[in-house]
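*Asks:* Listed here are the chains, written in short residue letters.
There are 2 protein chains.
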Amino acid sequence: MASKLKIGVIRVVTTDDWDFLRTHARIISEYVRDPKLQMVTDRIDGFPSGIPNEEEEARAIPYVIETANRMVKNEDLNALFVSCAADPGVSELQEKLEIPVVGAGRTSAYVARSLGFPIGILGIDEKVPGVVADALGRTTWSYLKPEDVETTLDINKSLNKYIDLARKLVDDNHARVILLACTGLSTARLAPRIRNELHIPVVDPVISSGLVTYYAARGNQIQNGE
Amino acid sequence: MASKLKIGVIRVVTTDDWDFLRTHARIISEYVRDPKLQMVTDRIDGFPSGIPNEEEEARAIPYVIETANRMVKNEDLNALFVSCAADPGVSELQEKLEIPVVGAGRTSAYVARSLGFPIGILGIDEKVPGVVADALGRTTWSYLKPEDVETTLDINKSLNKYIDLARKLVDDNHARVILLACTGLSTARLAPRIRNELHIPVVDPVISSGLVTYYAARGNQIQNGE
Chain U
-13 MASKLKIGVI RVVTTDDWDF LRTHARIISE YVRDPKLQMV TDRIDGFPSG
37 IPNEEEEARA IPYVIETANR MVKNEDLNAL FVSCAADPGV SELQEKLEIP
87 VVGAGRTSAY VARSLGFPIG ILGIDEKVPG VVADALGRTT WSYLKPEDVE
137 TTLDINKSLN KYIDLARKLV DDNHARVILL ACTGLSTARL APRIRNELHI
187 PVVDPVISSG LVTYYAARGN QIQNGE
Chain G
-13 MASKLKIGVI RVVTTDDWDF LRTHARIISE YVRDPKLQMV TDRIDGFPSG
37 IPNEEEEARA IPYVIETANR MVKNEDLNAL FVSCAADPGV SELQEKLEIP
87 VVGAGRTSAY VARSLGFPIG ILGIDEKVPG VVADALGRTT WSYLKPEDVE
137 TTLDINKSLN KYIDLARKLV DDNHARVILL ACTGLSTARL APRIRNELHI
187 PVVDPVISSG LVTYYAARGN QIQNGE
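Each protein sequence line maps, in turn, to chains U and G. The first sequence begins at -13 in the working numbering and counts up by one. The second sequence begins at -13 in the working numbering and counts up by one.
Since the hints were derived computationally from the structure, they do not count as laboratory data. Being a predicted model, the structure only gives us computed values, none of them experimental. Any given hint might turn out to be false.
As the list makes no split between identical chains, a pair holds if one copy fits it or if it spans any two.
[Unchecked claim] Subject to a maximum C-alpha distance of 30 Å in a straight line, what follows is the list of computed DSSO-like cross-link-like pairs (lysine-lysine):
{"id": "1", "residue 1": "Lys143", "residue 2": "Lys(-10)"}
{"id": "2", "residue 1": "Lys113", "residue 2": "Lys154"}
{"id": "3", "residue 1": "Lys(-8)", "residue 2": "Lys22"}
{"id": "4", "residue 1": "Lys22", "residue 2": "Lys(-10)"}
{"id": "5", "residue 1": "Lys(-8)", "residue 2": "Lys113"}
{"id": "6", "residue 1": "Lys154", "residue 2": "Lys82"}
{"id": "7", "residue 1": "Lys(-8)", "residue 2": "Lys147"}
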């Protein structure tokens, strides 16, 4: 009966800094606190600056699928988490794999919708990832990004600008929920800083989607008779 | 720094059987395992058979708001969970209250959308709760219920029929995710039984939305400087 619960985490920034790559698994663990939970992290090749825009999203899909297939082959996973707000490869993997697959983009957008509207969104690209816009549907939302941020590598120097833009979304666009539409903003731990300034729910893409992945993994575990 | 994390749970079945009423808080606790988490349960008046249909949904709204106001006044809550798939009063409370408010209907529908489609839905009314249909939007879904179930009180005698209908949703409607659109189906612990039979993700409305409520409550706690 003593059984593991294993989630695979796919990072979309190519680096050999495994401590950096494992940050997403670590911040999910802080919320889950299940001693049975193991998270294994892997990453795609060929994207040293992450996935900053739509062209790169499309180019990343085969790399995500390749990494997913390798993880599923080598690890007895209960669920797979694609830790990118653009959800590259998620639809394809949901069709192909037998385990639940969760993407940080659409899932965190749905969590934001659960908490209210209008939704104010912060990210890194000129526009919101397509899967996030799709998930928000007809819900009222607005989007801002700092002018000098172009990739996930630019985030840390612009944290105060993100807080100013969050304030603008609340004051000018009447946002009642803030959604972070880039998982690099999770690594930067931006959500608690905005909450402390603005006293408003802030949806962190890695933590919120990570909890849904944990839910799906436990369901899959029960399904396997454990 | 030792701080509580308190979630209020509103039940929509009027009974004085508090062990029954607290079942929803208990099954959320099984997934959250946070020693700081406290859940307090209260219930609405005047609905001994729960909320079986649209007419009763509308009639329940002022009762849910009254219960919510009483809980917020008496307890220092970090979030409020309305444990009913029809989300009675949830939109109204999200506008009025300063703490996050989560409803089991739209939130579990969003979790189902996160896990894939087509979605097969089981419930108790002739049709899917309006908030669930709204949350599913253009996503492909189908809905079934056992003929002899009319209220939450009829569920336990029909568990095998629910499993047969879930199989029908998979075989005939190609469902790849099953969503339970009545929180009475959570009390009956139907989700693991369907998973064990059909090896498919099954979204339990109380557990999935309860995890989102926990996420929102912890965000609200951090916002309060803890």
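*Asks:* None of the hints should be skipped; say for each whether it holds.
*Replies:* Results of checking the hints against the structure:
1. Within a single copy, Lys143 and Lys(-10) get their C-alpha atoms no closer than 39 Å, and across copies no closer than 34 Å, so neither meets the 30 Å cut-off.
2. In this assembly of identical chains, Lys113 and Lys154 lie within 30 Å of each other by CA distance solely inside one copy; the values are 17 Å within and 41 Å between copies.
3. Taking CA atoms no more than 30 Å apart as the test, Lys(-8) paired with Lys22 passes in both settings, with 8 Å inside one copy and 25 Å between copies.
4. Taking identical chains as interchangeable, the C-alpha atoms of Lys22 and Lys(-10) lie at most 30 Å apart whether they share a chain (5 Å) or sit on different chains (24 Å).
5. When the C-alpha separation of Lys(-8) and Lys113 is checked against a cutoff of 30 Å, the pair qualifies neither within a copy, at 34 Å, nor between copies, at 37 Å.
6. When the C-alpha separation of Lys154 and Lys82 is checked against a cutoff of 30 Å, the pair qualifies only between copies, where the shortest distance is 22 Å, while the shortest distance within a copy is 42 Å.
7. Taking the shortest Cα distances, Lys(-8) and Lys147 never come within 30 Å of each other, neither inside one copy (37 Å) nor across copies (33 Å).
This entry does not satisfy hints 1, 5, 7, going by the numbered hints stated previously.
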